[in-house]
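**Q** Chain by chain, the residues:
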Amino acid sequence: MSEPILSTHGLVGGYGDFQALYGIDLHLNAGEVISLIGANGAGKSTFLKSIFGMLPVARDMVRYRGTPIGGTPTHELVKRGIAMVPEGRRLFLGMTVEENMRVAIDNAAIPESRGQWNRERLFDLFPILRDKRRQPVEALSGGQQQMVAISRALLCQPQVLLCDEISLGLAPKVIREIYAVLPDISAAGTAIVLVEQDVTLAQEATSRLYCLLEGRVTLTGNSRDLSREAIAAAYFGGSHAVA
Amino acid sequence: MQWLDAVIQGVLLGGMYAQYALGMALMFGVMRIVNIAHGDVMILLSLIAVSLAGVLPGGNLMLVIAIVPIAVLIGWALQKFVLNRVVGVDPLPSLIATFGLSIALQNLMLEVWSADTRSLPNSGIASASFQIGPIYVGLLPVIVLCTAIALTAGLDAVLRFTRFGRGLRAASADTDAAAMTGVNPRRIYATATAIAVGILGLAGIFAALRATVSPADGPAQLIYAFEAVIIGGMGSIWGAFLGAMVLGVAQAVGLRIDPGLGILFGHLVFLAVLATRPVGIMARKR
Ligand SMILES: Nc1ncnc2c1ncn2[C@@H]1O[C@H](COP(=O)(O)OP(=O)(O)OP(=O)(O)O)[C@@H](O)[C@H]1O
Ligand SMILES: [Mg+2]
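Residue numbers (the numbering used here), protein chains in the order written: chain S, 904 to 1146; chain U, 1416 to 1701.
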């Protein structure tokens, strides 16, 4: 296999004096979909934020397309092809659906006309957004808001998409709807890191899986090969947890 | 007729307040940065204009051409070297930093220009007036009002329809999320403050043409600008304009009731609006 598009090397990090991550080694191949699972507080969001320039890390702890990028400002990483659907969606309130999308278009390194993603394509993927395009985002349901958050990230024309718990708080039917677009996204050549608390969902949607526990990787492997027991042990800790 | 005249004079005065308030609408209303030095920066620009007028040929137009770029530069530097270090969800650091800056600026101006009141030389427009029916209106206040309307319309359109405007609204709504969407929040904030202070440059020239300025005048202008933005509603540019009109009319009407009452009447109307509609007349939901 060729060099991974994104990798971390003994990544440590946290918030000020509080250390949340203790040496994470992870890699993501181009076009691949992997998941990162773990209980509340395991460090999943912290890990994504550390990759994405939102928390301080040493330069060579993160490599993207062969270059060390640790600590690069977030907005520059977006221009280089990394995007994120953040935990809690974080839409721009007071702005319409389309305006939220246009902020991404305005700042993408690749213009909408030449990129993999454009508004039309996203409206085909999420038809409800076409009807709601002129509505302020706070008038949308949680699932619809998540669709806007995903659309906004995709309009950055990313090669790597970091998704932080996109199923959180959504009805099962809406989760299916949203997960149904992941194959389309990876088929467009975008690799995905999916942070997910629902293990079954993570296993179904991804080829490989990393399990995080208290800031350490406790299990990794092909999603479909891992047994329930092994995952449970790695997820909750205990005697079976192996690094 | 006396009251109609008061309303017209109030609207014209409101035009001046609108020019003070627009920069505040951008910084406080949209970006949620509290700039206590707002009035002092304007007075500084007025005083620079007065000093430049003595040496610069070409009259008021030349003055505008010279002062606005200086103002833009001051705004950009203010954001880059002071405010960008203290921006965040908490408005307190920007308040404290600019409070210090306000005092420093007042002392600096006192040192350089002394406590005297100054104004720009009257080139004719300051005293020109025309008559509509029985009411006299000054030419300069009309120019000030028209400039305020043009600036308000322009700024509102920039915020609504341009890449910069969307980026600024995004960064103001959620700075981190804006960065995740490719916006460089610091750069966009520096540009916004440059625009806000650039407008103050124009306001400073008009203020020194209309009346006198002295180093201690800043805080009063700050209060008018704050009141206009809050009356109008946070985040709304036309709201700030409307708020300035309300303030101007209240002061002019108050002045007719009792010459000592004008400014107080403005503050009372501000408090009344705050009590009955705390989000402001044209508040935008955010
Ligand atoms: N802003 C913060 N400041 C200080 N500590 C934080 C902050 N955010 C998270 N932490 C701590 O860092 C650790 C990892 O948190 P993180 O948010 O990465 O967990 P997570 O795996 O994403 O959990 P969840 O599934 O609940 O989102 C936790 O112990 C948490 O308390
Ligand atoms: Mg999390």
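Heads up, a few of these hints could be off.
What the hints assert, rightly or not - A short list of chain S residues far from chain U (calculated; beta carbon distances all over 10 Å):
#1 His978
#2 Leu1028
#3 Arg1037
#4 Cys1059
#5 Gln1062
#6 Glu1080
#7 Val1084
#8 Ala1090
#9 Gln1100
Stated by the list, open to error - Listed below are several chain S residues computed to face chain U (Cβ distance under 8 Å; list not exhaustive):
#10 Gly973
#11 Val981
#12 Arg983
#13 Met987
#14 Pro989
#15 Arg993
#16 Phe995
#17 Met998
#18 Thr999
#19 Asp1009
#20 Ile1013
#21 Arg1017
#22 Arg1055
#23 Leu1104
Rather than coming from a laboratory, the hints here were simulated on the basis of the structure. A virtual CB, placed ideally from N, CA and C, is assigned to each residue, including glycine.
**Q** Each hint: holds or not?
**A** Results of checking the hints against the structure:
no. : hint    : verdict
1   : His978  : violated (5 Å)
2   : Leu1028 : holds (19 Å)
3   : Arg1037 : holds (13 Å)
4   : Cys1059 : violated (6 Å)
5   : Gln1062 : holds (14 Å)
6   : Glu1080 : holds (23 Å)
7   : Val1084 : holds (19 Å)
8   : Ala1090 : holds (23 Å)
9   : Gln1100 : holds (21 Å)
10  : Gly973  : violated (16 Å)
11  : Val981  : holds (4 Å)
12  : Arg983  : violated (10 Å)
13  : Met987  : holds (5 Å)
14  : Pro989  : holds (6 Å)
15  : Arg993  : holds (4 Å)
16  : Phe995  : holds (4 Å)
17  : Met998  : holds (6 Å)
18  : Thr999  : violated (10 Å)
19  : Asp1009 : holds (4 Å)
20  : Ile1013 : violated (11 Å)
21  : Arg1017 : violated (16 Å)
22  : Arg1055 : holds (6 Å)
23  : Leu1104 : violated (23 Å)
The structure fails hints 1, 4, 10, 12, 18, 20, 21, 23 (numbered hints given earlier, in ascending order).
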